[in-house]
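Asker: Put together the whole structure using the sequences plus the hints.
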Amino acid sequence: EAAVTQSPRSKVAVTGGKVTLSCHQTNNHDYMYWYRQDTGHGLRLIHYSYVADSTEKGDIPDGYKASRPSQENFSLILELASLSQTAVYFCASSYRGPGQLYFGEGSKLTVL
Amino acid sequence: DAKTTQPDSMESTEGETVHLPCSHATISGNEYIYWYRQVPLQGPEYVTHGLQQNTTNSMAFLAIASDRKSSTLILPHVSLRDAAVYHCILRELATGGNNKLTFGQGTVLSVIP
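So the sequences go chain by chain: A and B.
In this text, residue positions in the first sequence follow the numbering used here: the first is 1408, and each later residue adds one.
In this text, residue positions in the second sequence follow the numbering used here: the first is 63, and each later residue adds one.
Please keep in mind that the hints were generated in silico from the structure rather than gathered at the bench.
Among the hints, erroneous ones may be present.
What the hints assert, rightly or not - With a straight-line cut-off of 20 Å between C-alpha atoms, the simulated SDA-like cross-links for lysine to any residue are:
no.: 1; chain 1: B; residue 1: Lys162; chain 2: A; residue 2: Val1495
no.: 2; chain 1: B; residue 1: Lys162; chain 2: A; residue 2: Asn1435
no.: 3; chain 1: A; residue 1: Lys1472; chain 2: A; residue 2: Ser1414
no.: 4; chain 1: A; residue 1: Lys1515; chain 2: B; residue 2: Arg153
no.: 5; chain 1: B; residue 1: Lys65; chain 2: A; residue 2: Gly1447
no.: 6; chain 1: B; residue 1: Lys162; chain 2: A; residue 2: Gly1506
no.: 7; chain 1: A; residue 1: Lys1515; chain 2: B; residue 2: Val147
no.: 8; chain 1: B; residue 1: Lys162; chain 2: A; residue 2: Leu1487
no.: 9; chain 1: A; residue 1: Lys1464; chain 2: B; residue 2: Lys162
no.: 10; chain 1: B; residue 1: Lys162; chain 2: A; residue 2: Ser1461
no.: 11; chain 1: B; residue 1: Lys162; chain 2: A; residue 2: Val1458
no.: 12; chain 1: A; residue 1: Lys1515; chain 2: B; residue 2: Gln104
no.: 13; chain 1: B; residue 1: Lys65; chain 2: A; residue 2: Gly1449
no.: 14; chain 1: B; residue 1: Lys162; chain 2: A; residue 2: Lys1418
no.: 15; chain 1: B; residue 1: Lys65; chain 2: A; residue 2: His1436
no.: 16; chain 1: A; residue 1: Lys1464; chain 2: A; residue 2: Glu1479
no.: 17; chain 1: B; residue 1: Lys65; chain 2: A; residue 2: Gly1465
no.: 18; chain 1: B; residue 1: Lys162; chain 2: A; residue 2: Gly1449
no.: 19; chain 1: B; residue 1: Lys131; chain 2: B; residue 2: Glu93
no.: 20; chain 1: B; residue 1: Lys162; chain 2: A; residue 2: Ser1414
no.: 21; chain 1: A; residue 1: Lys1464; chain 2: B; residue 2: Arg153
no.: 22; chain 1: B; residue 1: Lys65; chain 2: A; residue 2: Glu1479
no.: 23; chain 1: A; residue 1: Lys1418; chain 2: B; residue 2: Leu103
no.: 24; chain 1: A; residue 1: Lys1418; chain 2: B; residue 2: Gln104
no.: 25; chain 1: A; residue 1: Lys1515; chain 2: B; residue 2: Pro102
no.: 26; chain 1: B; residue 1: Lys162; chain 2: A; residue 2: Gln1444
no.: 27; chain 1: B; residue 1: Lys162; chain 2: A; residue 2: His1436
no.: 28; chain 1: A; residue 1: Lys1515; chain 2: B; residue 2: Val101
no.: 29; chain 1: B; residue 1: Lys65; chain 2: A; residue 2: Asn1480
no.: 30; chain 1: A; residue 1: Lys1464; chain 2: B; residue 2: Val101
no.: 31; chain 1: A; residue 1: Lys1425; chain 2: A; residue 2: Asn1480
no.: 32; chain 1: B; residue 1: Lys162; chain 2: A; residue 2: Lys1425
no.: 33; chain 1: A; residue 1: Lys1464; chain 2: B; residue 2: Thr164
no.: 34; chain 1: B; residue 1: Lys65; chain 2: A; residue 2: Val1458
no.: 35; chain 1: B; residue 1: Lys162; chain 2: A; residue 2: Glu1463
no.: 36; chain 1: A; residue 1: Lys1515; chain 2: B; residue 2: Phe165
no.: 37; chain 1: B; residue 1: Lys162; chain 2: A; residue 2: Asn1434
Keep in mind that this is a model prediction, so the values were computed, not measured.
Answerer: Below, the structure written as structure tokens:
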């Protein structure tokens, strides 16, 4: 069974502070993704990566950085957290080509 | 990006077969049709996908229209565990194999005991 684990599962941050969300997958997948979900809305792609040491911008990259230091790990970094970044963040991984994405359980971020 | 249209909500009773429709009138030839579902406080779960032919697995049957402009996810004998938001998504396989998913609002499926 594919496994994608996220940490922390929940975090409260202050405006202007730095936040790092981590994602780890044990599936040997090439691709990893970060999505955010706002209450009552669908998921939106922030950043993704198809190989270690390389990241790509998704649909809403502003205010976020990503880091892929190894195939297994993919981090989302908020250098200066803002109120508008309060959301649930989901990490996912997949093989190259058609097939399913495996999602983590989500990280709930509240910025005060 | 090509988009999908789904009803906001549907309701069913346990044991019934549910037909969840999805319209994708502007689908292009290299776009797959994916279905995911999501329950509160969890990440989306893959249900099934297809390109042109109908597909079936342990979770659902996906019926794709011959012109590919619409599809229907069929859930046989639904249970309370099938209550979720169901997302119909077009997934373009761009050069290099990048696979981006664009989620919409989906259909909220309620299941009555």
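Asker: Would you pick out the hints that fail for this structure and give their numbers low to high?
Answerer: 4, 8, 14, 15, 20, 22, 29, 30, 32 and 34
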